[in-house]
Amino acid sequence: MIIWLFDPYCGVNAQSLDELEKKHGFQDIILDTDISENPQLVYKKQIDLKKSEFPIHVYVRNKDSYPNIGEVPIKDMEVKVYLQKIVEIKIITPKETDIMKALKKLYGEPSFSVRSNAWEWQTEGVLLSLTSLGKKKLEIKYASRKLNQYIKDKKEEGIQDLSTDF
93 MIIWLFDPYC
103 GVNAQSLDEL
113 EKKHGFQDII
123 LDTDISENPQ
133 LVYKKQIDLK
143 KSEFPIHVYV
153 RNKDSYPNIG
163 EVPIKDMEVK
173 VYLQKIVEIK
183 IITPKETDIM
193 KALKKLYGEP
203 SFSVRSNAWE
213 WQTEGVLLSL
223 TSLGKKKLEI
233 KYASRKLNQY
243 IKDKKEEGIQ
253 DLSTDF
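Our numbering puts the first residue of the sequence shown at 93, with every later residue one more than the last.
Be aware that one or more of the hints could be misleading.
DSS-like mimics (lysine-lysine), calculated; alpha carbons at most 25 Å apart, straight line [claimed, not checked]:
{"no.": "1", "residue 1": "K197", "residue 2": "K227"}
{"no.": "2", "residue 1": "K137", "residue 2": "K177"}
{"no.": "3", "residue 1": "K227", "residue 2": "K115"}
{"no.": "4", "residue 1": "K115", "residue 2": "K193"}
{"no.": "5", "residue 1": "K238", "residue 2": "K227"}
{"no.": "6", "residue 1": "K233", "residue 2": "K137"}
{"no.": "7", "residue 1": "K114", "residue 2": "K137"}
{"no.": "8", "residue 1": "K167", "residue 2": "K193"}
{"no.": "9", "residue 1": "K114", "residue 2": "K196"}
{"no.": "10", "residue 1": "K142", "residue 2": "K193"}
{"no.": "11", "residue 1": "K182", "residue 2": "K142"}
{"no.": "12", "residue 1": "K228", "residue 2": "K155"}
{"no.": "13", "residue 1": "K115", "residue 2": "K182"}
{"no.": "14", "residue 1": "K136", "residue 2": "K155"}
{"no.": "15", "residue 1": "K167", "residue 2": "K196"}
{"no.": "16", "residue 1": "K197", "residue 2": "K115"}
{"no.": "17", "residue 1": "K227", "residue 2": "K177"}
{"no.": "18", "residue 1": "K177", "residue 2": "K238"}
{"no.": "19", "residue 1": "K142", "residue 2": "K177"}
{"no.": "20", "residue 1": "K182", "residue 2": "K114"}
{"no.": "21", "residue 1": "K229", "residue 2": "K197"}
{"no.": "22", "residue 1": "K136", "residue 2": "K229"}
{"no.": "23", "residue 1": "K115", "residue 2": "K238"}
{"no.": "24", "residue 1": "K228", "residue 2": "K238"}
{"no.": "25", "residue 1": "K197", "residue 2": "K136"}
{"no.": "26", "residue 1": "K196", "residue 2": "K228"}
{"no.": "27", "residue 1": "K238", "residue 2": "K196"}
{"no.": "28", "residue 1": "K136", "residue 2": "K238"}
{"no.": "29", "residue 1": "K167", "residue 2": "K177"}
{"no.": "30", "residue 1": "K193", "residue 2": "K114"}
{"no.": "31", "residue 1": "K137", "residue 2": "K182"}
{"no.": "32", "residue 1": "K137", "residue 2": "K227"}
{"no.": "33", "residue 1": "K233", "residue 2": "K193"}
{"no.": "34", "residue 1": "K193", "residue 2": "K228"}
{"no.": "35", "residue 1": "K177", "residue 2": "K197"}
Pair ranges (Cβ atoms, derived) [claimed, not checked]:
{"no.": "36", "residue 1": "E231", "residue 2": "E163", "range": "32 to 42 Å"}
{"no.": "37", "residue 1": "P131", "residue 2": "K238", "range": "22 to 32 Å"}
{"no.": "38", "residue 1": "D126", "residue 2": "V206", "range": "31 to 41 Å"}
{"no.": "39", "residue 1": "T223", "residue 2": "P165", "range": "16 to 26 Å"}
{"no.": "40", "residue 1": "N160", "residue 2": "K137", "range": "18 to 28 Å"}
I should point out that these hints are in silico values taken from the structure, not numbers from a laboratory. Virtual Cβ for every residue (Gly too), placed ideally from N, Cα, C.
Between the sequences and the hints, there should be enough to build the whole structure, so can you do that?
Dropping the structure here:
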């Protein structure tokens, strides 16, 4: 779906969630791809999941990678990995209104999720959310809808296996 919007400062812009699906991640970190394709990310820790035999591994950027989004400095970045595939990219920045403006320009108007208290853009494969963290920070999160559903299904299988034992 493409929406043509007139912006008095930028002229006519095409806005589309197709672009979010096409990019499928942040800069050169692509959701659903193997973590080994990103040598600029370094292993930090493991998170064990209940009812799953496979943990989630958390990676962070090395000190020279991903310093900014445009002029906005990146304070923190975490990449979650399940079975060697990138599931989620979380970026923390200072609160800067230009981030929302840029995301709207790229992907159109977001919807607001009361449940997650975040502005969201969704495609078939990607969920992008923007959340305020207090007065001074923003969290930008790219999540693989396919891999998150797979993890959820695996948890459900574990619960189903457990319930059949009763």
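Going down the list of hints, with the structure as the test:
no.: 1; hint: K197 <-> K227; result: holds, 24 Å
no.: 2; hint: K137 <-> K177; result: holds, 15 Å
no.: 3; hint: K227 <-> K115; result: violated, 30 Å
no.: 4; hint: K115 <-> K193; result: holds, 18 Å
no.: 5; hint: K238 <-> K227; result: violated, 32 Å
no.: 6; hint: K233 <-> K137; result: holds, 19 Å
no.: 7; hint: K114 <-> K137; result: violated, 30 Å
no.: 8; hint: K167 <-> K193; result: holds, 19 Å
no.: 9; hint: K114 <-> K196; result: holds, 16 Å
no.: 10; hint: K142 <-> K193; result: violated, 38 Å
no.: 11; hint: K182 <-> K142; result: holds, 22 Å
no.: 12; hint: K228 <-> K155; result: holds, 22 Å
no.: 13; hint: K115 <-> K182; result: holds, 16 Å
no.: 14; hint: K136 <-> K155; result: holds, 13 Å
no.: 15; hint: K167 <-> K196; result: holds, 22 Å
no.: 16; hint: K197 <-> K115; result: holds, 15 Å
no.: 17; hint: K227 <-> K177; result: violated, 33 Å
no.: 18; hint: K177 <-> K238; result: holds, 11 Å
no.: 19; hint: K142 <-> K177; result: holds, 19 Å
no.: 20; hint: K182 <-> K114; result: holds, 19 Å
no.: 21; hint: K229 <-> K197; result: holds, 21 Å
no.: 22; hint: K136 <-> K229; result: holds, 22 Å
no.: 23; hint: K115 <-> K238; result: holds, 15 Å
no.: 24; hint: K228 <-> K238; result: violated, 32 Å
no.: 25; hint: K197 <-> K136; result: violated, 34 Å
no.: 26; hint: K196 <-> K228; result: holds, 21 Å
no.: 27; hint: K238 <-> K196; result: holds, 24 Å
no.: 28; hint: K136 <-> K238; result: holds, 24 Å
no.: 29; hint: K167 <-> K177; result: holds, 24 Å
no.: 30; hint: K193 <-> K114; result: holds, 20 Å
no.: 31; hint: K137 <-> K182; result: holds, 15 Å
no.: 32; hint: K137 <-> K227; result: violated, 28 Å
no.: 33; hint: K233 <-> K193; result: holds, 16 Å
no.: 34; hint: K193 <-> K228; result: holds, 17 Å
no.: 35; hint: K177 <-> K197; result: violated, 29 Å
no.: 36; hint: E231 <-> E163: 32 to 42 Å; result: violated, 19 Å
no.: 37; hint: P131 <-> K238: 22 to 32 Å; result: holds, 24 Å
no.: 38; hint: D126 <-> V206: 31 to 41 Å; result: holds, 35 Å
no.: 39; hint: T223 <-> P165: 16 to 26 Å; result: holds, 18 Å
no.: 40; hint: N160 <-> K137: 18 to 28 Å; result: holds, 25 Å
Taken one by one, the earlier hints fail for this structure at numbers 3, 5, 7, 10, 17, 24, 25, 32, 35, 36, listed in ascending order.
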